[in-house]
Amino acid sequence: MNSTPPNRNILERRIALVSIAVLTAVGMLLRPLTPITALLIAIVFGAGAFVLIKRKIFDARIAFSLCGVGMALVFGTLEAALNNMRGWQHSYIVIAAAYGFAALVVSEGFLKEFAGVTAEYQLGNRSRVYVLFLTSLIAFLVNAIIMSAGSTCAVVAPIFVPLLLRLGFPAPVAAAAVVLGAWGGFVNPADTGGGAITEAYRVNNLQMYSIPVKHLLPALLALVVTNITFAAMNWKEHQTTEPVVPSTDVQRKRTRGLQGVIAILPFLLFFPLEFFAWYLGWNVNVETRLLICLAVASVVASVVGLRKSRQGGKKVLPIGKVFFGGMWKGFAEVVLLIIAAKLFIFPFRSLIVMYGNEVMSAAPVLALASVPTAFLASAMIGSGDALATALIPGVVGLVVQSSLVYPGTVASMLWLATEMGRNVSPISAATLTCAKAATPEEIEGAIISRYVLGPLLVGFVVGCLALYLVFD
105 MNSTPPNRNI LERRIALVSI AVLTAVGMLL RPLTPITALL IAIVFGAGAF VLIKRKIFDA
165 RIAFSLCGVG MALVFGTLEA ALNNMRGWQH SYIVIAAAYG FAALVVSEGF LKEFAGVTAE
225 YQLGNRSRVY VLFLTSLIAF LVNAIIMSAG STCAVVAPIF VPLLLRLGFP APVAAAAVVL
285 GAWGGFVNPA DTGGGAITEA YRVNNLQMYS IPVKHLLPAL LALVVTNITF AAMNWKEHQT
345 TEPVVPSTDV QRKRTRGLQG VIAILPFLLF FPLEFFAWYL GWNVNVETRL LICLAVASVV
405 ASVVGLRKSR QGGKKVLPIG KVFFGGMWKG FAEVVLLIIA AKLFIFPFRS LIVMYGNEVM
465 SAAPVLALAS VPTAFLASAM IGSGDALATA LIPGVVGLVV QSSLVYPGTV ASMLWLATEM
525 GRNVSPISAA TLTCAKAATP EEIEGAIISR YVLGPLLVGF VVGCLALYLV FD
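With positions in the sequence shown counted from 1, the corresponding number in my numbering is that position plus 104.
Among the hints, a few may not be true.
DSS-like mimics (lysine-lysine), calculated; alpha carbons at most 27 Å apart, straight line [stated by the list, open to error]: (1) Lys160 to Lys433; (2) Lys412 to Lys433; (3) Lys412 to Lys425; (4) Lys540 to Lys425; (5) Lys158 to Lys540; (6) Lys433 to Lys216; (7) Lys216 to Lys425.
Simulated restraints on C-beta separations [what the hints assert, rightly or not]: (8) Ala436 to Leu310: 44 to 54 Å; (9) Ala184 to Lys160: 24 to 34 Å; (10) Ile119 to Ala473: 36 to 46 Å; (11) Lys412 to Lys160: 35 to 45 Å; (12) Phe428 to Leu569: 47 to 57 Å; (13) Tyr572 to Met132: 17 to 27 Å; (14) Gly385 to Val328: 24 to 34 Å.
Because the hints were derived from the structure by calculation, they are not lab data.
Here a beta-carbon is modelled for each residue, glycine too, at the ideal position from N, C-alpha and C.
Throw the hints in and build the complete structure from the sequences for me.
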């Protein structure tokens with residue numbers, strides 16, 4: 105009699121759990137760690153998380169959490185990581201509200217309405233490319249304000265990715281369009297990179313330059329080039345011989361067509377509100393302002409949905425279930441993923457900050473290669489903040505001593521490298537939120553990364569050239 109073979113998935117999970125536990129125990133026994141030992145342990149944990157996700161042994165949330173806790177115990181950063189995550193509660197609420205609103209606009213047909221409006225204006229293959237650029241631009245603007253790529257994608261993707269799918273784009277292209285724009289923090293001086301530059305300039309007694317003035321033109325130029333490259337590389341997948349919406353959807357009254365605008369109402373409210381908040385000096389955090397826009401848009405969508413249904417009070421409960429069901433999906437699939445990713449990244453951040461300046465001081469020649477290194481390293485670990493915080497102060501100090509190039513040129517290039525590089529990573533929060541939660545089918549982050557690698561690399565090179573000219 106043949107015995108039943110063990111379940112392969114269960115066996116792999118047990119092996120993975122034992123391996124993580126053993127690696128954690130070995131790392132703790134080796135303390136205090138040397139820079140080389142710490143780097144090797146971090147690389148092994150990082151590779152382990154990637155293997156667990158790639159082979160689908162664990163969900164990304166579980167893989168990040170297990171490896172993150174293991175690294176945190178080895179490096180002694182667990183308490184600091186948990187404290188850091190607690191400061192993001194406003195973002196988590198906004199993400200959940202965004203998914204609740206997205207569920208409403210899908211269930212009540214507002215995305216279908218908006219696609220019908222675009223069809224009325226004869227949206228063809230070439231014109232559809234502009235919708236990709238609009239998606240990327242909105243992601244860029246939102247990230248410039250809320251300064252978190254993962255949170256930006258979690259807010260923009262559930263609204264715009266279904267719209268792009270409705271217009272006939274493949275799911276990876278639709279998700280990549282959001283990821284491409286999620287580096288907009290580069291124009292905000294309050295971002296982590298901007299703070300690192302400001303601190304580096306203060307320490308070296310340099311006069312700080314205006315980040316928005318110096319960065320705006322290079323950022324916009326890089327954004328345009330990135331989107332053009334993206335459209336050119338995926339042009340065949342943009343082609344379609346079928347109408348983007350059924351012909352029955354195109355024949356609509358103007359009043360019904362205007363209802364489609366509800367699909368993008370949060371952003372139509374958000375940017376004017378940001379202007380008035382700046383003008384009036386309203387000191388409420390930006391997540392609260394975005395939450396207000398989502399709440400208003402959700403109320404409008406609910407009221408219009410009730411009027412369309414003509415069911416009166418009978419429709420209130422179903423609409424409420426749809427909204428709160430969407431919020432739960434956003435929390436369970438996206439918020440928990442972002443929390444796990446932050447837990448995984450935090451030890452890397454501590455490690456890089458701890459040893460980054462030491463390495464740069466020991467090998468000044470690395471300053472010459474720091475910009476491409478920052479891009480590649482950010483792509484590997486999925487975080488730009490860690491590299492920006494560690495590299496910018498050290499590199500600026502070395503550049504000041506050499507007097508070969510203006511410090512601001514290298515500092516800004518480093519910041520751009522980390523902002524763009526993180527979005528190339530298949531394990532970054534920005535990529536995974538789009539891959540896991542914003543598409544109707546399971547799409548791996550590695551697939552989206554292949555779509556964004558070429559465009560972001562081209563945009564990065566163009567942006568660096570533009571920065572050199574601006575500072576020169």
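request  = Of all the hints given earlier, name the ones this structure violates by number, lowest first.
outcome  = Of the numbered hints given earlier, the structure breaks just one, which is hint 13.
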